[in-house]
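Asker: Listed below are the residues making up each chain.
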Amino acid sequence: MAIEDDVLVIGGGLAGATAALTAAEEGVQVRLVTHKQSTLRHASGLIDVLGYTPAGEGPIVDPFEALADLPEGHPYERVGTEAVREALSFFDEIAGDAYSGGHTASNALVPTHGGTVKPTARYPVSTAAGLASVPEDTLLVGFETLTDFDAPLAASHLEAAGAPFSARGVTLTFPGIVRDDAKINRYAHLLDHEETVQTGAGETSAREALAATVDAHLKDESRVGFPAILGDDHAADVRADLEDALGVDVFEVPMGPPSLPGMRLEDMLYDALGDAGVRVTSGVPVIDYETDGNGAIEHVVVDRHGQEVPYRAEQYVLATGGLVGKGVRSERERVFEPIFDCHIPHAAERYDWFVEDVFGEQPYARFGLVPDRELRPLGEDDDPEFSNLRAVGGVLGGYDYAAEKSGAGVSLATGYVAGERAGTEASR
Amino acid sequence: MAHDTEVLVLGGGSTGCGIARDLAMRGLEVTLVERGNLTDGTTGRMHGLLHSGGRYAVSDQASAIECIEENKILRDIAGHCVEMTGGLFVQRPEDPDEYFQEKLEGCRECNIPARVLSGREARTVEPYLAKDVKRAIQVPDGAIDPFRLCVANAIDAERHGARIETHAEVVDLLRNGDDIYGVEVRHDSGPGKRTHKTPGTTEEITADYVVNATGAWAGQIGAMADLDIEVRPSKGVMTIMNVRQVDTVVNRCRPKGDADIVVPHETTAILGTTDEEVEDPDDYPEEGWEVDMMIDTLSELVPILEEARTIRSFWGVRPLYEPPGRGTKDPTDITRDFFLLDHEDRDGVDGMSSIVGGKFTTYRAMAEQISDHVCEQLGVSASCTTAEESLPGSENLEVLEKGMDDFGLRSPVARRSKQRLGSRSPEVLDTDEANPVICQCEGVTRAEVCDAISQSGSDLNAVRIRTRASMGNCQGGFCCQNMASELHPEYDEETTREALDELFQERWKGERHALWGEQLSQAMLNYALHATTMNRDNDPASAAEPVEYGAFDTGVQ
Numbered sequence: 001m002a003i004e005d006d007v008l009v010i011g012g013g014l015a016g017a018t019a020a021l022t023a024a025e026e027g028v029q030v031r032l033v034t035h036k037q038s039t040l041r042h043a044s045g046l047i048d049v050l051g052y053t054p055a056g057e058g059p060i061v062d063p064f065e066a067l068a069d070l071p072e073g074h075p076y077e078r079v080g081t082e083a084v085r086e087a088l089s090f091f092d093e094i095a096g097d098a099y100s101g102g103h104t105a106s107n108a109l110v111p112t113h114g115g116t117v118k119p120t121a122r123y124p125v126s127t128a129a130g131l132a133s134v135p136e137d138t139l140l141v142g143f144e145t146l147t148d149f150d151a152p153l154a155a156s157h158l159e160a161a162g163a164p165f166s167a168r169g170v171t172l173t174f175p176g177i178v179r180d181d182a183k184i185n186r187y188a189h190l191l192d193h194e195e196t197v198q199t200g201a202g203e204t205s206a207r208e209a210l211a212a213t214v215d216a217h218l219k220d221e222s223r224v225g226f227p228a229i230l231g232d233d234h235a236a237d238v239r240a241d242l243e244d245a246l247g248v249d250v251f252e253v254p255m256g257p258p259s260l261p262g263m264r265l266e267d268m269l270y271d272a273l274g275d276a277g278v279r280v281t282s283g284v285p286v287i288d289y290e291t292d293g294n295g296a297i298e299h300v301v302v303d304r305h306g307q308e309v310p311y312r313a314e315q316y317v318l319a320t321g322g323l324v325g326k327g328v329r330s331e332r333e334r335v336f337e338p339i340f341d342c343h344i345p346h347a348a349e350r351y352d353w354f355v356e357d358v359f360g361e362q363p364y365a366r367f368g369l370v371p372d373r374e375l376r377p378l379g380e381d382d383d384p385e386f387s388n389l390r391a392v393g394g395v396l397g398g399y400d401y402a403a404e405k406s407g408a409g410v411s412l413a414t415g416y417v418a419g420e421r422a423g424t425e426a427s428r
Numbered sequence: 001m002a003h004d005t006e007v008l009v010l011g012g013g014s015t016g017c018g019i020a021r022d023l024a025m026r027g028l029e030v031t032l033v034e035r036g037n038l039t040d041g042t043t044g045r046m047h048g049l050l051h052s053g054g055r056y057a058v059s060d061q062a063s064a065i066e067c068i069e070e071n072k073i074l075r076d077i078a079g080h081c082v083e084m085t086g087g088l089f090v091q092r093p094e095d096p097d098e099y100f101q102e103k104l105e106g107c108r109e110c111n112i113p114a115r116v117l118s119g120r121e122a123r124t125v126e127p128y129l130a131k132d133v134k135r136a137i138q139v140p141d142g143a144i145d146p147f148r149l150c151v152a153n154a155i156d157a158e159r160h161g162a163r164i165e166t167h168a169e170v171v172d173l174l175r176n177g178d179d180i181y182g183v184e185v186r187h188d189s190g191p192g193k194r195t196h197k198t199p200g201t202t203e204e205i206t207a208d209y210v211v212n213a214t215g216a217w218a219g220q221i222g223a224m225a226d227l228d229i230e231v232r233p234s235k236g237v238m239t240i241m242n243v244r245q246v247d248t249v250v251n252r253c254r255p256k257g258d259a260d261i262v263v264p265h266e267t268t269a270i271l272g273t274t275d276e277e278v279e280d281p282d283d284y285p286e287e288g289w290e291v292d293m294m295i296d297t298l299s300e301l302v303p304i305l306e307e308a309r310t311i312r313s314f315w316g317v318r319p320l321y322e323p324p325g326r327g328t329k330d331p332t333d334i335t336r337d338f339f340l341l342d343h344e345d346r347d348g349v350d351g352m353s354s355i356v357g358g359k360f361t362t363y364r365a366m367a368e369q370i371s372d373h374v375c376e377q378l379g380v381s382a383s384c385t386t387a388e389e390s391l392p393g394s395e396n397l398e399v400l401e402k403g404m405d406d407f408g409l410r411s412p413v414a415r416r417s418k419q420r421l422g423s424r425s426p427e428v429l430d431t432d433e434a435n436p437v438i439c440q441c442e443g444v445t446r447a448e449v450c451d452a453i454s455q456s457g458s459d460l461n462a463v464r465i466r467t468r469a470s471m472g473n474c475q476g477g478f479c480c481q482n483m484a485s486e487l488h489p490e491y492d493e494e495t496t497r498e499a500l501d502e503l504f505q506e507r508w509k510g511e512r513h514a515l516w517g518e519q520l521s522q523a524m525l526n527y528a529l530h531a532t533t534m535n536r537d538n539d540p541a542s543a544a545e546p547v548e549y550g551a552f553d554t555g556v557q
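In order, the protein sequence lines correspond to chains L and P.
Using our numbering, read the first sequence as starting at 1 and increasing by one per residue.
Using our numbering, read the second sequence as starting at 1 and increasing by one per residue.
Don't read these hints as lab results, they were simulated from the structure.
All the given hints hold, so there is nothing to weed out.
The calculated lysine to aspartate or glutamate pairs, modelled on EDC-like cross-linking and capped at a C-alpha distance of 20 Å, are: (1) L:Lys183 / P:Glu433; (2) P:Lys509 / L:Asp357; (3) P:Lys509 / L:Glu356.
Please construct the entire structure, taking both the sequences and the accompanying hints into account.
Answerer: In structure tokens, the structure reads:
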């Protein structure tokens with residue numbers, strides 16, 4: 001008994017969700033299958049498009065302008081600048097009020113939890129008040145039990161980075177956190193659910209207690225930055241309450257994994273998938289495939305808890321991620337794409353996969369599939385591996401998203417283009 | 001003219017630190033200088049085996065006897081650095097029976113407790129041994145942390161009045177005719193603890209007697225005073241696995257060969273090794289085939305190694321030496337014994353001896369003999385007490401084991417912290433401040449990191465070797481930044497940034513040899529965290545050109 005759809009998307013990160021949503025716009029039946037947790041929980045939640053050129057120039061003010069100069073084979077070059085713009089507009093529609101940055105083509109500079117700033121095209125609304133290009137004095141608040149963000153250090157780092165305002169950091173005790181190794185979610189949960197906490201002044205709600213703790217340290221700064229722990233389900237309310245109590249703007253500094261802004265983005269995408277009628281099957285890996293003998297995929301095989309089930313569609317989109325998401329895998333002597341064994345160019349000798357400087361031009365960071373302009377992955381002979389398979393996001397090669405700050409933008413743009421093409425072709 | 005110190009020890013490895021402790025405990029005034037961090041040479045680049053002596057029971061029985069004696073002493077004086085895992089010499093079907101018998105008899109002749117296990121019994125002890133192993137000899141091998149042992153020697157030397165200077169490279173030997181009377185050192189960042197960005201200085205340190213304990217680098221030191229010391233540095237690779245595939249030291253029972261030992265070490269297992277002569281102990285090739293050989297050959301003993309994840313590899317250089325005229329070709333045949341070269345007897349140059357050869361397990365005994373020699377030279381009569389006096393951290397371990405105090409930490413973290421700190425645990429962990437975990441992989445808390453910083457300044461690699469922070473599966477991807485944060489505000493932002501960069505690059509250096517499979521995924525995740533999320537690769541604070549902030553998005557118009 002096969003599962004039948006028009007478009008099957010494999011992988012549930014930003015690229016896969018975008019492809020599924022775009023395909024669904026064409027009025028076809030779309031299914032998205034995911035295996036493990038997506039890498040969005042590792043991601044800061046920022047939507048970078050292009051912060052630096054492949055040669056390392058930047059930070060780039062207008063990323064769209066810089067796209068035209070990208071080398072042949074770069075995923076942006078494959079889809080074209082116009083498609084990147086359209087994909088961003090598509091994202092803006094989905095995100096609605098949850099994200100900012102769509103009012104301008106220019107990048108924003110956002111403070112990072114390491115104290116640097118980085119260029120990004122869209123940012124969660126919780127980050128909006130913290131832009132480093134806005135010359136407003138800033139108080140950063142860290143917590144003694146939260147080791148990923150050292151506010152006084154980040155503040156001096158921002159000043160060393162030439163930010164046009166004075167920044168000061170304080171390290172405080174988070175009211176209601178009793179264990180030194182509490183997880184990020186514990187902080188968010190306390191604020192989300194307005195738990196009652198004990199303070200020197202007696203019992204009070206978590207948000208009030210936090211505001212009172214910070215207020216005692218606030219001087220004439222006009223904004224206060226926190227690590228990204230200000231609520232999960234009720235983040236907007238938490239922020240609004242803190243702003244009311246403190247009388248200044250409040251923002252979040254994006255953090256590393258596990259990242260609440262990344263998880264909020266994931267929730268937003270899955271809500272949209274539900275609204276669009278995309279069928280989502282989670283927790284199952286695609287392990288094999290069959291072709292129809294004419295160069296097209298006939299069906300893929302999904303391992304559903306030990307049972308091998310064929311999933312059939314007209315069009316397939318591969319969105320399994322890169323090395324981190326395991327859409328690209330490696331052994332001592334080879335780099336490979338594990339489901340369809342699509343071609344991944346790489347040096348035969350693994351000591352040529354890296355360079356000495358950790359931040360140098362790392363060949364491994366560019367491992368991935370080589371697509372044509374339709375985003376069909378190409379074989380070693382430069383012909384498409386399959387006529388009805390497209391690849392999007394991190395599984396693509398030929399770009400270093402970490403150096404360029406281009407990961408989310410590539411996922412959006414390629415997901416958008418592949419989803420639209422797959423949807424159109426499947427509807428014929 | 002009075003000298004700055006009575007004894008000047010060159011080299012901060014196990015030998016140098018052992019000598020400094022020994023002499024300081026005998027009441028001598030001691031200064032030790034080390035080019036980098038303590039253990040930076042060979043000590044920090046070994047497989048962490050506490051020899052039972054079984055390895056030398058056939059080829060070199062004098063060494064074997066010394067090993068088993070020192071093995072017992074170290075368990076006693078440095079219990080907090082030792083894990084008595086036990087060891088096996090495992091025979092595969094193709095390995096010679098004769099040698100197995102010789103090994104067994106050798107162990108008995110050297111008083112090394114040895115018991116023969118059948119293949120089945122051996123697999124009960126170590127379930128991941130290959131199914132076809134024939135039999136094994138069980139011996140009291142163990143695992144030892146060379147970093148903490150070496151640092152504990154240095155701390156104890158300091159407690160007895162010694163001056164320990166790291167990041168102080170010897171740039172010249174001071175020689176007046178036939179008398180060596182000191183050295184000139186270049187302090188990387190002024191004397192005392194290392195602080196990045198502090199300008200370097202040079203200093204002349206004069207001494208009544210100089211001990212050259214620089215091991216594989218002894219020849220370079222000797223050359224500064226036109227002395228020929230023919231060390232024959234020999235490199236060996238060690239490959240670190242992500243978990244302990246074995247909990248017992250597993251040796252291959254055959255005459256000799258590369259890739260014949262797996263040592264469980266803290267949270268990891270270390271595969272070793274090779275033995276190949278190199279010209280320059282600071283510059284030799286580190287090659288992928290060596291790593292492949294560790295995995296492929298040792299998989300014959302422990303098959304799951306073939307598919308297991310390695311987190312990094314490193315190379316060490318043995319300070320091998322043989323007296324002139326022996327002409328041994330194969331470095332594996334050069335003796336592991338140590339040699340005390342008194343340059344007065346040997347070269348007619350007074351005031352200095354060099355120590356070459358030797359091995360880690362017997363460092364204390366070596367230090368004792370050398371210290372005896374130094375005392376004789378200086379006409380001091382004081383006897384060695386290092387075999388009886390416990391090292392800092394091992395003074396009263398039984399009290400610690402009985403105590404249930406977990407210092408408010410989760411029990412796995414508390415257990416690991418106490419194992420590392422030994423009897424220093426209360427002094428370090430008993431704090432009223434918040435004490436969150438900084439390094440999740442190794443369970444290292446803020447208090448332990450801060451304790452290490454108080455010992456070693458802004459050098460995060462020195463913090464790493466004291467605590468194991470950043471040495472686990474993520475290889476520092478998730479904790480380097482947090483370790484660096486602990487330097488602030490004592491050290492300023494720029495110093496902190498530089499210390500972080502240095503640690504992060506150092507971690508990458510070894511991780512490069514493990515870049516496939518899971519660890520390549522980990523490397524990409526680390527890279528993404530530091531470059532994408534933090535933008536550390538394009539940090540405007542370190543850039544040449546200032547950023548024009550005004551040109552960027554200033555928010556909703």
